[in-house]
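Each chain, written out:
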Amino acid sequence: MTKKPKTTFEQQIEDNLRRVYQRTLEQEVPDRFSILLQKLREQDQEQPEQNQ
Amino acid sequence: MSGRGQSNGADCAKPKDPRDELIDHLPAMRAFALSLTRNGSAADDLVQDSVVKAWKNMESFTSGTNMRAWLFTILRNTFYSDRRKARREVQDADGNMAATLSQKPEHDGKLALADFDAAFAKLPVEQREALILVGGSGFSYEEAAQTCGVAVGTIKSRVNRGRNRLSELMQITDGDALELTDKATMAVVSSASLPQRFHS
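Protein chains in written order, with the numbering used here: chain A, 41 to 92; chain B, 147 to 346.
None of these hints come from the bench; they were simulated from the model. Since we're looking at a predicted model, the values are computed, not measured. Incorrect hints may appear among the rest.
Claimed, not checked - Computed list of lysine-lysine pairs in BS3-like fashion (alpha-carbon distance at most 30 Å, straight line):
1) A:79 <-> B:231
2) A:79 <-> B:162
3) A:79 <-> B:302
What the hints assert, rightly or not - Pair ranges (Cβ atoms, derived):
4) A:51 <-> B:286: 19 to 25 Å
5) B:231 <-> A:83: 21 to 27 Å
6) A:83 <-> B:313: 45 to 51 Å
7) B:298 <-> A:70: 31 to 37 Å
Ideal Cβ positions, reconstructed from N, Cα and C, are used throughout, including at glycine.
Work the whole structure out from these sequences, hints included.
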């Protein structure tokens with residue numbers, strides 16, 4: 041990797057990659073996932089042999 | 147450094163269940179899944195399946211190691227195995243699939259980002275995931291390589307090829323973007339008077 045200066049175009053790509061990722065990251069996680077985790081936890085409690 | 151660092155022994159007495167940490171990784175999992183599927187609801191289905199798998203295989207997670215990388219590995223394995231299954235069921239070229247499933251970009255006036263979305267969706271999935279892991283989520287090349295189960299050099303070359311392809315695509319789509327803008331403008335102004343299109 042030589043230290044060639046980044047063109048604005050390359051910089052734009054870097055920025056956009058971060059933005060694309062960040063965009064979803066900042067969204068609120070849908071309720072289905074907290075419901076899912078809750079269900080999984082309940083299942084574990086009903087079948088204790090799964091633990092260990 | 148006061149207080150918290152000292153009580154290490156006491157904290158370790160009750161080991162934390164890594165399952166409790168799953169919830170913290172959900173936003174990142176959704177972001178990564180979306181970069182693979184390019185479709186919001188498919189991404190969430192993928193995350194859901196991955197969470198269930200992670201939950202049931204938590205014993206195979208070594209606590210203290212990088213949980214995000216571990217979860218991403220599960221997620222991408224799930225994605226690729228689903229894709230292989232789907233391939234067997236429907237013979238659909240990747241391009242067609244991507245075209246029909248591609249997400250509508252959120253329009254907040256960022257035309258460049260919409261262009262980028264379109265270009266990004268055209269990349270092979272291996273390049274998309276390498277770019278998103280390294281460029282989006284900030285994984286090191288080593289972490290990305292581990293997550294994808296390939297050599298570090300492979301990740302580097304996928305990232306480079308992906309970047310180059312994006313540059314090419316975005317230079318091409320610059321033209322399309324102008325056309326689109328033109329059409330949108332046309333729609334707005336058409337009720338008034340048509341702009342002079344056929345310039346001499």
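Tested hints:
no.: 1; hint: A:79 <-> B:231; verdict: holds, 27 Å
no.: 2; hint: A:79 <-> B:162; verdict: holds, 20 Å
no.: 3; hint: A:79 <-> B:302; verdict: violated, 40 Å
no.: 4; hint: A:51 <-> B:286: 19 to 25 Å; verdict: holds, 20 Å
no.: 5; hint: B:231 <-> A:83: 21 to 27 Å; verdict: holds, 25 Å
no.: 6; hint: A:83 <-> B:313: 45 to 51 Å; verdict: holds, 48 Å
no.: 7; hint: B:298 <-> A:70: 31 to 37 Å; verdict: holds, 35 Å
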